[in-house]
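A.B. asks: So you can see what is in the structure, the chains are spelled out below.
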Amino acid sequence: MADLLIHIASVIAMLGVIVASIRFVLGPTAADRTVALDTLTIISISLIVFIALFTNRVIYLDVALVYGILSFLGVVAVARYLEGGL
Amino acid sequence: MQSSAGFTFEKLFVIVLVAVVLVGFYVAWTHTTDAGNLLVIGGMALVVSALFVRTGKLPRITPKKVAYSIAYIGYLFVAIVKSNLDVARRVIQPKIPINPGIVVVKTRLKSPVGRMILANSITLTPGTLSVDVKGDHYYIHWIDVTDMEEEGATEKIVAGFEKYLEVIFG
Amino acid sequence: MMLLVVLLGIAMIVAALVAVHLKNLAAAVVAAGLVSLFASVLYLLLAAPDVAMTEAAIGAGLSTVIFLYAVKKTRSREVEDD
Amino acid sequence: MEVIRLIGAIIALIGSLFLFLGALGVLRMPDLYNRMQAGTKSTTLGSILTLLGIGLYHTEWFWQMLVLIAFAVTTNPISSHSLARAAHWVGIPLTDKTVEDKLAEAEKQERESRREEVAP
Chain A
1 MADLLIHIAS VIAMLGVIVA SIRFVLGPTA ADRTVALDTL TIISISLIVF IALFTNRVIY
61 LDVALVYGIL SFLGVVAVAR YLEGGL
Chain B
87 MQSSAGFTFE KLFVIVLVAV VLVGFYVAWT HTTDAGNLLV IGGMALVVSA LFVRTGKLPR
147 ITPKKVAYSI AYIGYLFVAI VKSNLDVARR VIQPKIPINP GIVVVKTRLK SPVGRMILAN
207 SITLTPGTLS VDVKGDHYYI HWIDVTDMEE EGATEKIVAG FEKYLEVIFG
Chain C
257 MMLLVVLLGI AMIVAALVAV HLKNLAAAVV AAGLVSLFAS VLYLLLAAPD VAMTEAAIGA
317 GLSTVIFLYA VKKTRSREVE DD
Chain D
339 MEVIRLIGAI IALIGSLFLF LGALGVLRMP DLYNRMQAGT KSTTLGSILT LLGIGLYHTE
399 WFWQMLVLIA FAVTTNPISS HSLARAAHWV GIPLTDKTVE DKLAEAEKQE RESRREEVAP
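Same order as they appear, the protein sequences are chains A, B, C and D.
Residue numbers for the first sequence follow my numbering, so the first one is 1 and each next one is one higher.
Residue numbers for the second sequence follow my numbering, so the first one is 87 and each next one is one higher.
Residue numbers for the third sequence follow my numbering, so the first one is 257 and each next one is one higher.
Residue numbers for the fourth sequence follow my numbering, so the first one is 339 and each next one is one higher.
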């Protein structure tokens, strides 16, 4: 029962990746695409943890940690670029 | 090393405290109990925190502040859950019901850390997103504007958080 | 699992095409970041966590910042107005 | 033990549902700031619940999940706030339904003062 629910949860998260990708392709401005990228990164953290769970390897969690630390770096870089700073 | 105030025991205490927090994160991540490993990591954490700790002051910790901090975390979590139900309710309707606008509110907080936490809390609460901060005025994007004036918006958005943050950082 | 690998490959190709076709350079840099995000998850599925970690650090953090810095520098020398 | 795993799986399912709703909000909302509202709030609670649920489902990883939650919650509002500020500064338009924009006047004044500083 619990295993089935976890699998359903991972499929729903994957659907979220697809939906946010559509906004990434459509998005009229660079800032819209950056919002979509931010959302995709946060969903990917959960997706990586799901993959680590299904393959049962603790080392895969390190990739999720790197994304957790660095996910806001690219967004802040784009924001500084738009403001004319950097 | 910006040790402008010179060496004090209070600063040494802050450095050791930061190093202990860093080692705590490492142990939570790796579950290691090896003594040599912990010794090396503890030394590295001390070096890093000595490089980056600038302040030599520790805020006065009282039981009241601790109690208010715990209550604040609970209040914030309830606000996050409420905001998510609100967003979910809006998103799944065929015609999205929004009435957005950018309003200005004013804060009474003085401490910079308190203002930062207030801005981040506003971003996580129902229907509001802090767009810009100029002095003690926050410019907030509100998804459903019910009050355009400064006083009314302040009462509706920040008053609940300020009650706790004033005690914690006051 | 095989299906997920194929989907991620298609997503990488789409993101790369978006990056090539965009006229706005900042948006193209963001699209390049998306390519490396998908590539990182793909490396993870192919059982290479070390490569995935490097791709995450370099692709998401460093290359975005350096690309934007380079775009900024180039533009300020070529455009004479404002 | 089995009950805790089941509770963890249900929490993870609710969290992934919020992640999906956040992505749907990013797709459906009419302008950048409303997209950001959906994208920040829903994904924050979604990742908290998903990671917490997996931590309960696979109990050996509970502390790793807490570290991941700490990083996700602290970095998420910061990136959203900085991007919203930059977007308003470069003049990305709000949707037609907008009733009020107090920041536009303040930014106009700031642009004037910057121009005066640069001019001499």
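Just so you know, the hints here were simulated from the structure itself, not pulled from any lab data.
Among these hints, one or two may not hold up.
[Unchecked claim] Have a look at the derived ranges for each label pair, beta carbon to beta carbon:
no.	chain 1	residue 1	chain 2	residue 2	range
1	A	14	C	272	43 to 51 Å
2	D	368	A	59	19 to 27 Å
3	A	55	D	368	37 to 45 Å
4	A	22	B	117	48 to 56 Å
5	B	237	A	7	46 to 54 Å
6	C	327	D	339	26 to 34 Å
7	B	233	D	342	41 to 49 Å
8	B	164	A	11	44 to 52 Å
9	B	236	C	262	52 to 60 Å
[To be verified] Output of the computed footprint for chain A on chain D, the stretches with three or more beta carbons under 8 Å from beta carbons of chain A:
no.	region
10	342 to 355
11	364 to 374
12	386 to 397
13	410 to 420
14	427 to 437
15	440 to 446
[Said to hold, decoys possible] With a Cα cut of at most 30 Å, we get these calculated DSS-like pairs of lysine-lysine:
no.	chain 1	residue 1	chain 2	residue 2
16	B	181	D	435
17	B	143	B	249
18	D	446	D	435
19	B	249	D	446
20	B	196	B	168
21	D	446	B	181
22	D	446	C	328
23	B	220	C	329
24	B	151	B	192
25	B	181	B	196
26	D	435	C	328
27	B	196	D	435
28	D	435	B	220
29	D	440	B	181
30	C	279	C	329
31	B	97	B	192
32	C	329	D	435
33	D	446	B	168
34	B	168	B	97
Don't be surprised by glycine CBs; every beta carbon is placed ideally from N, CA and C.
A.B. asks: Within 30 Å, alpha carbon to alpha carbon, are residue 220 of chain B and residue 329 of chain C?
C.D. replies: 29 Å, holds
A.B. asks: Given the hint that residue 446 of chain D pairs with residue 328 of chain C, test it: the Cα-Cα distance must not exceed 30 Å.
C.D. replies: With a Cα-Cα distance of about 24 Å, the restraint between residue 446 of chain D and residue 328 of chain C holds, given a limit of 30 Å.
A.B. asks: Holds or violated: residue 435 of chain D with residue 328 of chain C, Cα cutoff 30 Å?
C.D. replies: Violated: residue 435 of chain D and residue 328 of chain C sit about 34 Å apart, past 30 Å.
A.B. asks: Do at least three Cβ atoms from the region 440 to 446 of chain D come closer than 8 Å to Cβ atoms of chain A?
C.D. replies: Violated - the region 440 to 446 of chain D has 0 residues with a Cβ nearer than 8 Å to chain A, which falls short of three.
A.B. asks: Has the given pair, residue 97 of chain B with residue 192 of chain B, been kept, meaning a C-alpha gap of at most 30 Å?
C.D. replies: Violated, at about 34 Å.
A.B. asks: Check whether the Cα positions of residue 181 of chain B and residue 196 of chain B lie no farther apart than 30 Å.
C.D. replies: Distance ~42 Å between residue 181 of chain B and residue 196 of chain B Cα, so the pair is violated.
A.B. asks: Can the restraint linking residue 196 of chain B and residue 168 of chain B be considered satisfied, given a maximum Cα separation of 30 Å?
C.D. replies: Distance of about 28 Å is within 30 Å: holds.
A.B. asks: Taken at face value, is the distance from the CA of residue 435 of chain D to the CA of residue 446 of chain D at most 30 Å?
C.D. replies: 22 Å, holds
A.B. asks: Holds or violated: residue 440 of chain D and residue 181 of chain B, Cα atoms, limit 30 Å.
C.D. replies: 26 Å, holds
A.B. asks: Assess, step by step, whether the Cα of residue 181 of chain B is no farther than 30 Å from the Cα of residue 435 of chain D, and give holds or violated.
C.D. replies: 13 Å, holds
A.B. asks: Hey, residue 168 of chain B versus residue 97 of chain B, does the alpha-carbon distance stay inside 30 Å?
C.D. replies: At roughly 41 Å apart (the allowed maximum being 30 Å), residue 97 of chain B and residue 168 of chain B break the hint.
A.B. asks: Given the range 37 to 45 Å, decide if the beta-carbon distance of residue 55 of chain A to residue 368 of chain D lies inside it.
C.D. replies: Roughly 40 Å apart at Cβ, these two residues keep to the hinted range, so it holds.
Against the hints set out earlier in the document, violations occur for numbers 1, 2, 4, 6, 8, 15, 19, 21, 25, 26, 27, 31, 32, 33 and 34.
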